[in-house]
Amino acid sequence: MRHLLSIEDLDRPAIERILDRAKSFTEVSEREIKKVPALRGRRVLNLFYEASTRTRSSFELAAKALSADVINFAAGGSAVEKGESLKDTVQTLSAYQPDLIVIRTPHVGAADLVAGWTTAGVVNAGDGKHEHPTQALLDVYALRDRIGSLDGRSIWIVGDVAHSRVARSCIHAFAAMGAKVTVCGPPTLIPRGMEAMGCEVAYTLDRLGEADVVYALRMQTERMTDSFVPSLREYAARYQIDGRRLGARQVLMHPGPVNRGVELSAEVIDSPQAVIGQQVAAGVVVRMAVLYELLAGRTAPERAAAPATPQLA
Amino acid sequence: MSALDHREQPPADLLVRGAHVLDPRAGIDAPHDVLVRAGVVAEIGAPGSLEAPDGAEVLDGEGRHLLPGFVDPHVHLRVPGQEHKEDLDSGTRAAAAGGYVAVVAMPNTDPVVDSAPVLRSLREAARREARVPVGFMASITRGLEGEALTEMAELADAGALGFTDDGRPVHRAGILRKALQYQRLAGRLLCLHEEDPSLSGRGVMHEGEVSARLGLAGIPSISESTLIARDASLAGYEDGRIHIQHLSARESVEAVAEAKARGVRITAEVSPHHLTLTAAALLRADAAQAGEAGRGRGSGLDTRLKMNPPLRAEEDRQALIAGLRDGTIDCVATDHAPHAREEKEVPFEEAPMGTTGLETAFAALYTELVRPGVLPLALIVDRLSAGAAFVGLPLPSIRTGEGANFCLVDLEAEYEVGEAGYESRSENCCFAGRRLHGRVLATVAAGAVAYRQRSFAVVGAA
Numbered sequence: 050m051r052h053l054l055s056i057e058d059l060d061r062p063a064i065e066r067i068l069d070r071a072k073s074f075t076e077v078s079e080r081e082i083k084k085v086p087a088l089r090g091r092r093v094l095n096l097f098y099e100a101s102t103r104t105r106s107s108f109e110l111a112a113k114a115l116s117a118d119v120i121n122f123a124a125g126g127s128a129v130e131k132g133e134s135l136k137d138t139v140q141t142l143s144a145y146q147p148d149l150i151v152i153r154t155p156h157v158g159a160a161d162l163v164a165g166w167t168t169a170g171v172v173n174a175g176d177g178k179h180e181h182p183t184q185a186l187l188d189v190y191a192l193r194d195r196i197g198s199l200d201g202r203s204i205w206i207v208g209d210v211a212h213s214r215v216a217r218s219c220i221h222a223f224a225a226m227g228a229k230v231t232v233c234g235p236p237t238l239i240p241r242g243m244e245a246m247g248c249e250v251a252y253t254l255d256r257l258g259e260a261d262v263v264y265a266l267r268m269q270t271e272r273m274t275d276s277f278v279p280s281l282r283e284y285a286a287r288y289q290i291d292g293r294r295l296g297a298r299q300v301l302m303h304p305g306p307v308n309r310g311v312e313l314s315a316e317v318i319d320s321p322q323a324v325i326g327q328q329v330a331a332g333v334v335v336r337m338a339v340l341y342e343l344l345a346g347r348t349a350p351e352r353a354a355a356p357a358t359p360q361l362a
Numbered sequence: 174m175s176a177l178d179h180r181e182q183p184p185a186d187l188l189v190r191g192a193h194v195l196d197p198r199a200g201i202d203a204p205h206d207v208l209v210r211a212g213v214v215a216e217i218g219a220p221g222s223l224e225a226p227d228g229a230e231v232l233d234g235e236g237r238h239l240l241p242g243f244v245d246p247h248v249h250l251r252v253p254g255q256e257h258k259e260d261l262d263s264g265t266r267a268a269a270a271g272g273y274v275a276v277v278a279m280p281n282t283d284p285v286v287d288s289a290p291v292l293r294s295l296r297e298a299a300r301r302e303a304r305v306p307v308g309f310m311a312s313i314t315r316g317l318e319g320e321a322l323t324e325m326a327e328l329a330d331a332g333a334l335g336f337t338d339d340g341r342p343v344h345r346a347g348i349l350r351k352a353l354q355y356q357r358l359a360g361r362l363l364c365l366h367e368e369d370p371s372l373s374g375r376g377v378m379h380e381g382e383v384s385a386r387l388g389l390a391g392i393p394s395i396s397e398s399t400l401i402a403r404d405a406s407l408a409g410y411e412d413g414r415i416h417i418q419h420l421s422a423r424e425s426v427e428a429v430a431e432a433k434a435r436g437v438r439i440t441a442e443v444s445p446h447h448l449t450l451t452a453a454a455l456l457r458a459d460a461a462q463a464g465e466a467g468r469g470r471g472s473g474l475d476t477r478l479k480m481n482p483p484l485r486a487e488e489d490r491q492a493l494i495a496g497l498r499d500g501t502i503d504c505v506a507t508d509h510a511p512h513a514r515e516e517k518e519v520p521f522e523e524a525p526m527g528t529t530g531l532e533t534a535f536a537a538l539y540t541e542l543v544r545p546g547v548l549p550l551a552l553i554v555d556r557l558s559a560g561a562a563f564v565g566l567p568l569p570s571i572r573t574g575e576g577a578n579f580c581l582v583d584l585e586a587e588y589e590v591g592e593a594g595y596e597s598r599s600e601n602c603c604f605a606g607r608r609l610h611g612r613v614l615a616t617v618a619a620g621a622v623a624y625r626q627r628s629f630a631v632v633g634a635a
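Chains as they are written, first to last, in the numbering used here: chain H, 50 to 362; chain B, 174 to 635.
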């Protein structure tokens with residue numbers, strides 16, 4: 050495997066292999082010197098066109114824990130602001146011969162495009178509303194840690210599904226691991242045709258009791274301006290996961306950052322059912338495993354070979 | 174074709190020998206020799222019966238088809254203002270290479286064709302540069318802003334073939350109503366791009382299963398059909414004549430059929446890409462030939478497949494085919510929309526809408542619809558020029574005494590789109606990389622040879 054562009058690139062054995070390796074990396078984080086030399090001399094480039102705290106910092110920590118060199122490149126204050134195109138930026142940075150580019154952009158399919166413009170491996174760290182595969186992997190990791198196998202489990206993803214790359218990646222990943230996925234939210238925030246992804250669609254929380262796992266999505270306040278929901282108050286009244294709605298045996302997940310009092314009430318965030326902190330913690334080891342999967346044992350990219358055919362040949 | 178302009182070429186003297194002449198209008202469907210003298214079809218005879226006069230060129234038609242030339246009522250030649258995408262020379266060269274003998278250019282240029290001086294200077298440029306005759310439409314509203322009507326009567330006198338705000342809808346019903354009233358004075362067709370912006374919003378592709386999967390904002394089918402219904406109602410009330418551009422959705426075909434049944438004076442066009450492709454082409458799943466692990470699935474978003482209206486679902490495609498077959502849809506138009514490489518080589522959401530289409534229209538339709546037996550060749554040939562009549566142009570036909578407007582096609586020739594580049598200045602063709610059958614070998618437009626395929630050997634004077 051050379052790139053991780055979509056969670057669909059991974060079948061169940063591949064997901065299990067990565068997560069098992071992530072498990073073995075937990076030991077590294079517990080050492081006094083939190084570093085192993087597995088990727089020494091490899092260069093990882095973080096290319097972030099969107100603000101990100103946990104994803105960027107956990108990729109950086111993961112790379113450093115494996116002794117790779119990390120370059121962080123943020124779009125703000127760079128040539129991007131002077132109008133440089135994505136293609137030119139990637140080709141320019143590729144001249145620094147990175148072994149791997151971790152990219153987040155607000156544009157669907159951008160990681161795919163970048164993979165065609167560079168000889169480096171590419172990890173999609175979020176492309177618009179499309180996918181965020183490493184988030185889905187760490188979610189499966191945190192969930193396996195809590196409940197064991199996902200086979201036959203019912204997982205409800207609740208909230209703004211339309212604008213969520215996390216939802217799209219998680220639907221694929223949870224289904225690949227044998228879970229039954231239901232997405233639930235206001236009809237204005239569930240895209241037409243969503244069922245084709247293999248999930249069920251619900252518009253109320255009436256059957257939430259069926260769920261083994263409740264995965265709440267972040268409700269972004271800018272959605273109000275486009276009339277997706279009339280008010281946050283009405284949204285919270287209908288869709289907030291609170292102590293009344295969350296059962297004692299259900300597991301609660303959230304990709305963060307949380308809007309307290311909107312999609313989640315304070316009591317459930319701090320409840321024993323929540324694995325939100327474990328999701329964050331899993332971020333580093335899972336991303337270590339992804340970097341290892343893509344880089345370890347691979348020879349440096351063929352410099353002589355032309356990159357894969359660009360979009361417009 | 175007085176409202177059309179092109180650079181005059183020496184009239185052709187040539188003999189097309191033994192080609193299978195298929196002209197549904199003239200009722201010909203058999204091998205013939207066709208002799209052209211001074212740009213006019215002088216004689217049509219049995220294969221081998223005609224002799225080429227001295228100095229006449231001989232085109233070997235054996236095993237090939239001679240078809241009446243195509244007429245495209247909807248192309249973007251990007252002049253004035255966007256010559257880096259296309260110009261009158263390259264755009265009409267692409268037309269000729271696709272078998273077109275006349276094209277009609279849209280006015281969404283920079284500046285917009287919304288005044289007689291702009292139109293006159295364009296027509297003058299066409300007389301210097303165009304390889305095949307070009308007609309021009311003017312905008313319905315000034316600057317395409319949807320607020321005030323252009324001087325339609327003066328524009329009609331200056332040679333505007335019709336009026337359209339193509340690229341945008343006339344979003345205010347009151348303005349379109351006034352244009353329909355004014356049509357009684359100015360004449361000419363009103364061509365409408367139908368899209369309700371409050372429904373299409375920031376959409377970049379068809380709203381459906383594929384957009385849900387990709388997380389892209391969708392353009393729902395009803396953004397088109399609801400506006401068609403509104404405008405058909407207005408046209409019926411004012412007894413105006415409207416033409417619906419680039420139909421894309423099943424609901425739209427139904428809306429046009431209902432309007433026709435009510436007696437509204439309405440016609441409609443459909444593009445080769447909407448007849449042959451669907452939004453599923455945006456998924457890499459069915460194009461796993463990329464081979465390498467990690468490139469097998471994912472988004473596969475090819476910006477050449479981004480156009481407005483968007484490629485829709487299979488049921489929409491089937492409805493468009495049925496509409497073309499039963500006459501609900503009257504003609505094929507390419508909506509040839511060139512964009513520069515750097516404009517399209519960006520993330521999908523950022524890319525401009527549009528695909529080129531002049532060079533591939535016939536081959537795409539022949540390969541995807543005629544060869545599998547979905548539609549007869551004669552119907553496709555007819556619909557590829559039927560749009561001429563709606564803008565007052567003569568329908569090309571291969572008849573003695575008529576000017577030569579035809580193309581010679583090798584139906585068996587197979588090629589990969591883009592393998593040898595394009596005649597168009599731009600390369601954003603949605604069929605790029607696909608293998609198509611049906612190659613245009615030569616085009617004679619307005620009595621002169623406008624195109625000859627590079628590898629097509631000229632037999633020479635007999």
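Everything labelled a hint here was simulated from the structure, so no lab data went into it. Do not rely on the hints blindly, as some may be mistaken.
[Said to hold, decoys possible] Quick list of in silico lysine to any residue cross-link-like pairs, SDA-like style, CA-CA up to 25 Å: (1) H/K84 <-> H/E65; (2) H/K131 <-> B/A513; (3) H/K136 <-> B/A551; (4) H/K136 <-> B/H344.
Against the structure, the hints come out as follows:
For the hint linking H/K84 to H/E65, the alpha-carbon distance of about 23 Å falls within 25 Å, and the restraint holds. Taking the CA atoms of H/K131 and B/A513, the gap is about 20 Å. The hint holds against a cut of 25 Å. Between the alpha carbons of H/K136 and B/A551 the distance comes to roughly 45 Å, so the proposed pair goes past 25 Å and is violated. Restraint check: the Cα-Cα separation between H/K136 and B/H344 comes to about 36 Å, which exceeds 25 Å; the hinted pair is violated.
Of the hints listed earlier, those the structure fails to meet are numbers 3 and 4, in rising order.
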